[in-house]
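Please arrange chain B on chain A, whose structure you already have, making use of the hints.
Line by line, the protein sequences give chains A and B. Position one of the first sequence corresponds to residue 1 (the numbering used here), numbered consecutively onward. Position one of the second sequence corresponds to residue 674 (the numbering used here), numbered consecutively onward.
A few of these clues could be false.
[Unchecked claim] Chain B is nowhere near these chain A residues, computed Cβ spacing over 10 angstroms in every case:
id	residue
1	32
2	65
3	189
4	293
5	295
6	310
7	341
8	639
[As the list claims (entries may be wrong)] A few chain B residues that don't get close to chain A, going by computed Cβ distances all over 12 angstroms:
id	residue
9	779
10	796
11	837
12	840
13	851
14	887
[Stated by the list, open to error] Label pairs and their computed distance ranges (CB to CB):
id	chain 1	residue 1	chain 2	residue 2	range
15	B	720	A	101	44 to 50 angstroms
16	B	921	A	77	46 to 52 angstroms
17	B	795	A	119	58 to 64 angstroms
By construction, these hints were calculated from the structure, which means they are not laboratory data. Backbone N, C-alpha and C fix where the C-beta goes; we use that ideal spot for every residue, glycine too.
Listed here are the chains, written in short residue letters.
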Amino acid sequence: MRALLVALVFCGPARPAAAQPVPCAGGTLDMSATSDTPFTLPTFNVGQRVTLTSVVIGFTPSSIAWVINGPMIKDYDERVGTLSSGQVNWSTTPVTATDLTSSPISFYWKPDASQIHPLNGGPVSRNVSLTATVGSTTCVVMRTFSVDRNAALAGKTANDFYTSNHRAPMEMNPAKGLVIDYHQEWHAAPATHLSAAASDFFVFHRKLLARFDSWRSEFGYPPIVPWYPGNPIPALTELQPFVPRNNTFLPDANRLPQEYTIAGVNSVNPRHRLADFTSLDDLDAIEFSYHGQVHCNVGHGFGALFGDMCLFSSPKDPIFWRWHKFIDVIYANFCGLKGLTCAPGQPPPTDVWMADNAADLAAGGTVPSQPPHYISPDIWNRTAPATCTPPDPATGVIRSCGSSADHENPVAGQQNYLYATIRNDRPGATMAVYVEAAVYIANASLGLAWPTNFGGPPAGMPLPETRQFITLNLTPGQHTDIGPVPWTPPSPLPSDHWCMYIRVLSTQTSLGIVEGPDIDANTGGSNSIAWRNVKIVNPAMMRMQSAIVTVRNLRPEAATVDVVINVPKRLAETGQVELLLRSTLLHHIGDRNEGLVGLKPAVNAKKDDRWVPFVVVNPLVRIKGIVLRPREESPLTIRLKPLRHLAEKEPIRLEQYTGGKLDGGTMLIFEAP
Amino acid sequence: MTRFDSLLAVIAALAAPRISAETSAPSHHPHSPLFIARLSPKVLVPPASGNASGTGAFVLTSDDNRRVRLSYDLTYASLRSPDIRSVALRNFSAGGNGKVVHVICGEGNAACAPGAARTLAGSWDERSQLPLTPGLVSELTAQRIYVEVLTGRGPELRAQLEPQPFMAGYTQYIGRISGRSAQGPVTGTAAVWLVAIPPDKPLALVDATVAGENATLRSARLGSLTLLKAPGLRSPTVSVRIDSKQIRGLSAAELQSPVLVFTLATDPPVEIRTPLVVVP
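With the rest of the complex left out, here is chain A (with noise of 0.2 angstroms):
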């Protein structure tokens, strides 16, 4: 009859002093556990490497066998590049019946169904028996582990056991797993079998993150997501430096450069914007330039040590993954761009929008989009940083910073500071990648031409710092504040009236229209297009009571142009709003007394030759059938007289139309001095 030993040693993390030997068969009958990477019993991590070996004292087991609590792997394959056996893919080897028959044992504990992302409950008990057979003897020892997913302890987060796991058998620094050789590798020797091009940096990389993102979802973390350098290194405990980083950061010195942005900047450099890059190898001069800048920024280039972000051990920096990861968002807008086959493929479309006015938010984005199109709720100027909650931009953190209802004039010549929405609730949604949101400024008119008003073709020329309008991971059904994006508005003269002009760009969102030079055609018939119009400033007029607009005849043949103007009724019937008209717009209008409506003549009014004053009458004032030559243009002030008791902000609207069709439009906002 076989006798059977049981001893349950201890039965959770509380009791592990307990842990005792079993007698069996004149001896005892133990078990050891063990990692190579940093561990405190009785617990490990999923992903940790962990060898159970059997320890038997005083007789001989004719066999042995290992019941583990799952679920775990035998093991992975996070090699990347081609063996002659061909190319290496991620891949996993489960536990075998013959690898619960021997000692040791190796595995890596999987994540309990509680604790796979975005669930984390804590530790969970994981039991191992080792049952030991000898003659008719069988006995048997019990631990109790605890498999923790840990996600903040320093040096037990995912990144700390990735790459240092499967360290070489010659290798003795601990910290120094497959993971930083392979990288070390591409590096310093990249015609190896590591990738079949020396330049492929790109598709390196991606299959590095991929290699990690399969591990993390093999062991229950959240995927990589990528962190954009011109925003401050997320203060999350999981990123974490394995050595101390350069504390001098600055995200604002490592702001995407123009010509790696979808919109690009015209300059003296041929490669203006990301599509004017003509290969991937062309396109991998980022590698020594933006990368390697944004890697020795965050470490130390004089003095560095291992695991820093400016050496080839930087993977041992969890920001490493999440820099990479957000180049590979431009190796992925690159190859949108160009058409061009990147596995494993592009991310699906999406409609990111940004509103015209509040009947289209209402709308929720549909195109067409009704008119007024030039008063876009989704973009708004501030003479001062606006206070976010949270204060700075994160990767797929949702954030607000106010609304349109806290535009100010902008104030040339000093730094203001523009904030925008941008939106990914269309029916439909995925998540939004990489949106950036460009915005060019025109002085300006009732009525302007893209692009040629607007930097000029092939694409225009927006505000050289609209690359910090970026969000990253917007998640679908959501709307995110991005900013600020610094700008120094430029002088209010000679008309203070400018034209910003918004395109969302993404290469998962398509304008839906081919631009033609109509800014409103574009603006009513892409959800991705924005219009907003702004009254800039001098310093010392920031309480400004009066504005000077231009009237232009946008076509390049001779036109009639109607102006309309909307005054707040109580300003129109106290007679306290002036319309300063050029004698010569005036020798352009037919008829005066049925082109002007809604004014009459300012007997009392001081005159000069050039400007013919007029007072509003009526809240609704038309100049109509005003004729001009091609291109032809003409200024018109308006002027309100001192007020003492003027509102807050009260706004009058003008609009121009020709041909019935509205070409433009603006919204004065005077304060109250």
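Just chain B now, with coordinates in the frame of chain A:
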């Protein structure tokens, strides 16, 4: 053009067939990476003391069929024993001892020439007695190949073969030192990385050792930049890092055609000029 722009332009012109548009930094890796060995008794396992030192320049080349070869120049000096038993490459990371993977001399191969200071040259490839395999290339790039000099007094010198470590574009140079003092011929090995850490933090790593009868260095310069000035304790080796500020002190001509100038502490002093050659 700033000094850094000039440096980048020089690096680009020397090392890369193309110039990246936005910074003029080299846009591709060198085709033949240079590995530098800084030999010292302090990194032996277990560590030893002594004045011996050395410099090795190892260049990994590959042909269109990915057949690789590691060519090397190696100089050691000031050994305690002139009885050189072996000079060999071994496989282990810093801190551990590994087996021989390539014999430079000794170990049953051609005997090492005796002498406390020598310069050696050779190569290692798939046709060597112990072949250079893809796996060993991986070990090389992972800094797990080291060179060790074994004399009649045991292991005297060791160094891991180290690749350029920075995430930045760089130009690599080697110099073969050759001259003569009153005591006889002087040889040596120099290896330099000029690293363009963007946006404006260039640095250089300069290593060199001279070998000759009583040949130690009184001074060493890179162009007009003093690297070593040792009126007291003199060494045959210079191993220095040059920071951005120092590099900006170099003229464009000195960057365009860098020259190492060694003054030997011989009687009378001898100056040896060693032009640095770009390893593409």
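Verify that the Cβ of residue 779 of chain B lies farther than 12 angstroms from every Cβ atom of chain A, and report whether the claim holds or is violated. With a cut-off of 12 angstroms, residue 779 of chain B remains clear of chain A, as the shortest Cβ separation is near 22 angstroms.
If I take the minimum Cβ distance from residue 796 of chain B to any residue of chain A, is it greater than 12 angstroms? 16 angstroms, holds
Verify that the Cβ of residue 851 of chain B lies farther than 12 angstroms from every Cβ atom of chain A, and report whether the claim holds or is violated. Non-interface label on residue 851 of chain B holds, nearest chain A Cβ at 29 angstroms vs cutoff 12 angstroms.
Could you let me know if the closest chain B CB is still more than 10 angstroms away from the CB of residue 32 of chain A? 24 angstroms, holds
Report holds if the minimum CB distance from residue 293 of chain A to chain B is greater than 10 angstroms, and violated otherwise. Given that some Cβ of chain B is not farther than 10 angstroms from that of residue 293 of chain A, nearest at about 4 angstroms, it is violated.
Is the Cβ of residue 295 of chain A more than 10 angstroms away from each Cβ in chain B? 4 angstroms, violated
Honestly, do residue 921 of chain B and residue 77 of chain A meet the 46 to 52 angstroms range at C-beta? For residue 921 of chain B and residue 77 of chain A the Cβ distance comes to about 47 angstroms; the hint holds.
Honestly, do residue 795 of chain B and residue 119 of chain A meet the 58 to 64 angstroms range at C-beta? 59 angstroms, holds
Given the range 44 to 50 angstroms, decide if the beta-carbon distance of residue 720 of chain B to residue 101 of chain A lies inside it. 45 angstroms, holds
Hey, does residue 341 of chain A actually stay past 10 angstroms from chain B on C-beta? 23 angstroms, holds
In terms of Cβ atoms, is chain A entirely out of 12 angstroms range of residue 840 of chain B? Contrary to the label, residue 840 of chain B does not stay out of reach of chain A, its closest Cβ about 4 angstroms off (not over 12 angstroms).
Please settle this one: residue 837 of chain B was flagged as non-interface, so is its CB more than 12 angstroms from every CB on chain A? 7 angstroms, violated
Hints 3, 4, 5, 6, 11 and 12, counting from the list given before, are not met by this structure.
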